[in-house]
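Asker: What follows is the residue order along each chain.
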Amino acid sequence: MIEVKDIYFTYPTGVEALKGVSLSIGDGEFVAVMGQNGAGKTTLVKHFNGLLKPAKGGVLVDGVSTRDVSVAKLARKVGFVFQNPDHQLFCETVEEEIAFALRNFGFDEVTVEKRVTWALNLLDLAEYRKTSPFMLSGGERKRVALASVLAWDPSVVILDEPTIGQDHRQKEILRQFIVQLNGQGKTVVVVTHDVEFVAECNPRVVLMTEGKVVADGEAKKILTDTVLTLTASIVPPQITQIFLGLKDLGLPSDVIDVSEAKRILLDYLEGVKH
Amino acid sequence: MSVFEGFRFRRVTSPIHRLDPRVKFFYVLAMFVIAIIFTQFFPLVVLFFLQVPFVLVAGVRKEWLRSLRGALFLVVMIFAFNFVFGYLYRTYPTTAALLEYSLAMALRFLVLVESFSVFFLTTSPDHLSLALEQSHVPYEFTFAFTTAVRFVPVLAEEAQTIMDAQKARGLELERGNFLKRVRNYIPILIPLIVSAIRRSLELAEAMESRAWGATNKRTNLYVLKMKLGDFVLVLLSILLIVVGVYVYYFVSIPSLTTFLPPLPF
Chain A
12 MIEVKDIYFT YPTGVEALKG VSLSIGDGEF VAVMGQNGAG KTTLVKHFNG
62 LLKPAKGGVL VDGVSTRDVS VAKLARKVGF VFQNPDHQLF CETVEEEIAF
112 ALRNFGFDEV TVEKRVTWAL NLLDLAEYRK TSPFMLSGGE RKRVALASVL
162 AWDPSVVILD EPTIGQDHRQ KEILRQFIVQ LNGQGKTVVV VTHDVEFVAE
212 CNPRVVLMTE GKVVADGEAK KILTDTVLTL TASIVPPQIT QIFLGLKDLG
262 LPSDVIDVSE AKRILLDYLE GVKH
Chain B
178 MSVFEGFRFR RVTSPIHRLD PRVKFFYVLA MFVIAIIFTQ FFPLVVLFFL
228 QVPFVLVAGV RKEWLRSLRG ALFLVVMIFA FNFVFGYLYR TYPTTAALLE
278 YSLAMALRFL VLVESFSVFF LTTSPDHLSL ALEQSHVPYE FTFAFTTAVR
328 FVPVLAEEAQ TIMDAQKARG LELERGNFLK RVRNYIPILI PLIVSAIRRS
378 LELAEAMESR AWGATNKRTN LYVLKMKLGD FVLVLLSILL IVVGVYVYYF
428 VSIPSLTTFL PPLPF
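Residue numbers (my numbering), protein chains in the order written: chain A, 12 to 285; chain B, 178 to 442.
Since the hints were made in silico from the structure, they are not lab data.
Each residue gets a CB set at the ideal place from its N, CA and C atoms; glycine is no exception.
Be a bit skeptical, because a hint or two may be false.
Taking beta-carbon pairs under 7 Å as the criterion, some of the chain B residues facing chain A (in silico) [unchecked claim]: (1) Gly247; (2) Leu251; (3) Arg346; (4) Glu351; (5) Gly353.
The calculated label-pair distances, taken between Cβ atoms and stated as ranges, are [claimed, not checked]: (6) A/Thr21 to B/Leu242: 23 to 29 Å; (7) A/Met146 to B/Ala333: 25 to 31 Å; (8) A/His179 to B/Arg195: 55 to 61 Å; (9) A/Thr21 to B/Pro270: 57 to 63 Å; (10) B/Pro230 to A/Leu241: 34 to 40 Å.
Residues of chain B clear of chain A, computed beta-carbon distances all greater than 10 Å [to be verified]: (11) Glu335; (12) Ile367; (13) Val371; (14) Arg375.
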């Protein structure tokens, strides 16, 4: 359970990144934080594991204020996968890379070994166990970064722009994986620009503009709201754009799911035929 | 990192900022030479305060103070080392003389930091590269130098991100004894170096695809020209050297101990 109570944050450069954000994320929820560049998305989620502390207001993780505990302690509960895997990879082998956090958290070597094997299999990296992470492709490096966080089994996983630089197939695998993680009861928070990705996952969406939350609710409601998407500089998913254009035919405009769209169109065509 | 803050250029204008960077560098060198030849306390105090007007005219008092504060740790170290080793090896007849000598050595370092700080605080990277170019340094080197300077803030920001990423994986920088703490920085330095190398390769490709180095003879929109103020500073710097050398050879410099009551030990 993460509770954000009216937080304000200003960077040393003077940029006011957060201006009064309140939010509550329950256990096992799947949340997508969306909004344009500089809206404060990453700044907000960096408060969840204490990397940033609010200037005003407070953040509680399972009832404990992030001001009272170290990042290392919070990280045990809240895993954070950074946007660029190159900002964290430094070991000689993939195996070492994944073991790094486990050793920091003080797991014994037997458990470290077990967890590493588990995480490697989870992300389909077993064959690269002894490979240098620097020799891997971009997508694989991203998976190593993800594995190195999931290895310690945090109850909350934050992913910053997970789909950037991934080809379509990788993205689909990643999507299924994230949905599966959430299905296993983990709280998942995704920071993203990728509307299509969000449309396919259908999570709760927190929409931000200029350091404030402007909307919070079902993806289906928010992504199909033309006024909201315009203020937050995002484009509705392609499916929604089609249905927005077909409004005059009496079709619903709040459609983000491909199979739902197919069903509605088939029904409509059936009606036209008769 | 505050010591570096004292060297970072900020875009403001003042008579000192407008001076020719070559002349300013000559002044720094003069300061350097004079500070190096003296080991006594009084001349170094004079050198230290001689530069204060420059700082005030340039309007960089805050940044200058910050650089001095950043250098404080090293100043204390220099003082302590000189004093301790001087004491152990009995290089000075009295403790008071040794104390004065150690103080002078610490002050000498401060004078050097001060003059370089004034130089870098009041000279823009563009001016610096122009100065290098007009001193017939090959353009490739000039470019490499200015690019390095320009990328410092980018690198600093990246280091912060990497630190965050590793902290999120349970790294505690402040934990353990001295050796462990140094080792804690490996997970930060390696990604930083790797990404810096990668960025430089990308930059090189981007530059080459925009025909960098296609012409052999480059011209500049702005050309440095010596003005009245520049000649004045050159004269002042020469005067400084002349007076310094004269004092060094022909004037007996009083010791601090002659003005103070004798130490009780």
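Asker: Taking the hints in turn, state whether each one holds.
Answerer: Going down the list of hints, with the structure as the test:
| no. | hint | verdict |
| --- | --- | --- |
| 1 | Gly247 | 17 Å, violated |
| 2 | Leu251 | 25 Å, violated |
| 3 | Arg346 | 4 Å, holds |
| 4 | Glu351 | 9 Å, violated |
| 5 | Gly353 | 12 Å, violated |
| 6 | A/Thr21 to B/Leu242: 23 to 29 Å | 24 Å, holds |
| 7 | A/Met146 to B/Ala333: 25 to 31 Å | 29 Å, holds |
| 8 | A/His179 to B/Arg195: 55 to 61 Å | 57 Å, holds |
| 9 | A/Thr21 to B/Pro270: 57 to 63 Å | 58 Å, holds |
| 10 | B/Pro230 to A/Leu241: 34 to 40 Å | 58 Å, violated |
| 11 | Glu335 | 7 Å, violated |
| 12 | Ile367 | 4 Å, violated |
| 13 | Val371 | 7 Å, violated |
| 14 | Arg375 | 7 Å, violated |
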